[in-house]
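Engineer: Here are the chains, one letter per residue:
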Amino acid sequence: MFRRISSSNYRLLTSTLTLMAFLTIWEIAPRVGMADATYTSQPSRVITAGLEILSTGGFGRDVYVSLSEFTIGFALAIGIGVPLGLLLGRFLVLRYLLDPPIMAIYATPHLALLPVIVVWLGIGMQSKIAVAFVGGVIPILVNTMAGVRGVERSWVVAARSFCAGEWDVFVKVILPASLLSVVMGIRLGVSRAVLGVVVAEMYQSQTGVGSEIMRYGSEFRTDYLLFYVLLVSLFGFAATSAVRALEKTLWTGGK
Amino acid sequence: MDGREMKGIGRWKSAPVFLGIASFAAILLVWESVVRLGWVNPFFVSQPSAIAASLSRSAQSGELWRNLAVSLREFAIGYGASVVVGFLAGALAGRFRTVEYALDPFLWFLYSAPLIAFYPIFVIWFGLGIPTVIAIAFLLSVTQITFSTLSGIQNVNPLLLRAAKSFGATERDVLWKVVLPASVPMVIAGLRLGIGRALMGVVVGELFGATAGLGYSISYYGSLLKTTDMLASLVVIVVLGVLCTQALSALEARFDSWRTGPDS
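In the order they appear, the protein sequences are chains A and B. Counting along the first sequence from 1, when you hit position 27 you're at 27 in our numbering, and nothing is skipped either side. Counting along the second sequence from 1, when you hit position 19 you're at 19 in our numbering, and nothing is skipped either side.
Think of the hints as simulated: they come from the structure by calculation, not from any bench. All values reported here derive from a predicted model rather than from experimental measurement. Built from N, CA and C at the ideal position, the CB exists for glycine as well. One or more of the hints may lead you astray.
[Said to hold, decoys possible] Just a few of them, taken from the derived set where beta-carbon distance is under 10 Å, the chain B residues facing chain A:
1) ILE21
2) TRP39
3) SER49
4) ALA53
5) LEU55
6) PRO105
7) SER219
8) VAL239
9) LEU251
10) PHE255
Looking at chain A on its own, in the form it has when it is part of the complex:
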């Protein structure tokens, strides 16, 4: 083997050590005058800022607003992306018709739509929900489509020869067989939707985590800014990991 078998202890040790080293340098550099703490901040300052933010009442409201925008937008993305993907995967003519526009949107950085969506839907929650939806729906749609197309042909033939109708084939063969790709699309969509909500809030907004990031950024209160950035990263990472765990269960649970 090219690489030795990895031991999880060694991994944990190395990651922790480098992270500690990084945090130490980050903490010490401004103290010895090698960096300006106004722009680089320090771990201790970020913690202090975090505690201060957590103790104020506005924090809960901001998180609530951002979370509900994400949840509604992403639920819509799943609710529309999966059925549409199933249809497009099943019906060839429909796919040929809709594939080029979908691919064009896929290749476009979806956040370029942000100013357009703001003009259409205003600066309230609707525009953030729309950005989260657009970010999430495309990977879900494309992966669902690919999942349906990748279903083993012989299973469909086998089901047909046992007199299964179109609907039976769809529900009992195609749906279960493409489930894994659907979940993978959802995993890819999560981080795009999270980013969408935050950037949309940064762009034009009165409330939410993104608008706080924007406010602290323009005031150069780096400590507070970093706390929110860490919070968003952690949320994105946790949500992606959760879907990844679901994917693993499906791999092993489906025998």
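Given chain A, put chain B in place with the hints provided.
Structural biologist: Then chain B, alone, in the frame of chain A:
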């Protein structure tokens, strides 16, 4: 599976191309006519003919080319740097597990962080406009390329490595003659995904911290509520995205024959 489905619609090979063009034409036609018929307010959606006119106007005045040049330069530098750094980091991490474990927490942070949030700090460090946008594009794209290179190198078929070793290949031979060629398809896939992220970085960076470029012009016309000019810039970005992705897909298809694995 596709081959069989095709029977239903005849053995007409150009069907996808034809239907694709037809669908674009239909979208443009419906869009143009609903506005002309007065069913939809052109203030919100504009119309294809007006967008085309706006594009030709800005092409003649040179505004289009100036914005395109700024965005392309930012993209080329940011993406180019991320390819070099991402490939080297990914190759080192794939070769030495200590490097992989050491980089791991930072890569995951960079991958899931809303990097655009750092733009006020970047403006202080690098200056408003082009340098800040380049930094954001670089950071968005570099993690993707590192991850892909890393997994490409880790997933080299162990049989190939054993075969090379049993014929007396040194570590260096293994690296240059087996590992790197075998990981080419994954690396190229990473390059393609990186293009999308770098383009995203350019556009988002320009929405916030820039004074020129395609993203800036979308945001600028958006704030003036000039929908037609805003959508014209968006069309240019869509075309740019499609062209870049198509180019890399073509490259990917060319290198696909290199793919090695237990299944091939």
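Engineer: A closest beta-carbon separation below 10 Å is what the hint needs, so does SER49 (chain B) meet it against chain A?
Structural biologist: 18 Å, violated
Engineer: Would the hint on TRP39 (chain B) be counted as holding, given a Cβ-Cβ threshold of 10 Å to chain A?
Structural biologist: Given a least distance of 16 Å, the restraint on TRP39 (chain B) is violated.
Engineer: Grab the minimum C-beta distance from LEU251 (chain B) to chain A and call the hint holds if it beats 10 Å, violated otherwise.
Structural biologist: 15 Å, violated
Engineer: With a cut-off of 10 Å, does the beta carbon of SER219 (chain B) approach a beta carbon of chain A closely enough for the hint to hold?
Structural biologist: 5 Å, holds
Engineer: Tell me if VAL239 (chain B) is really an interface residue toward chain A, meaning its C-beta lies closer than 10 Å to one of theirs.
Structural biologist: Constraint on VAL239 (chain B) satisfied, holds at 9 Å.
Engineer: Just to be careful: measuring from the Cβ of ILE21 (chain B) to every Cβ in chain A, is the smallest value less than 10 Å?
Structural biologist: Cβ of ILE21 (chain B) sits 8 Å from chain A, so the hint holds.
Engineer: Take the shortest C-beta to C-beta distance between LEU55 (chain B) and chain A; is it under 10 Å?
Structural biologist: 16 Å, violated
Engineer: Under 10 Å is the threshold here; is the Cβ of PHE255 (chain B) close enough to any Cβ of chain A for the hint to stand?
Structural biologist: Since the shortest Cβ distance to chain A is 20 Å, the answer is violated.
Engineer: Hint validation: ALA53 (chain B) versus chain A, beta carbon distance must be below 10 Å. Holds or violated?
Structural biologist: Violated, about 18 Å.
Engineer: Is the interface hint for PRO105 (chain B) satisfied, with its Cβ closer than 10 Å to some Cβ of chain A?
Structural biologist: 5 Å, holds
The structure shown violates the earlier hints numbered 2, 3, 4, 5, 9, 10.
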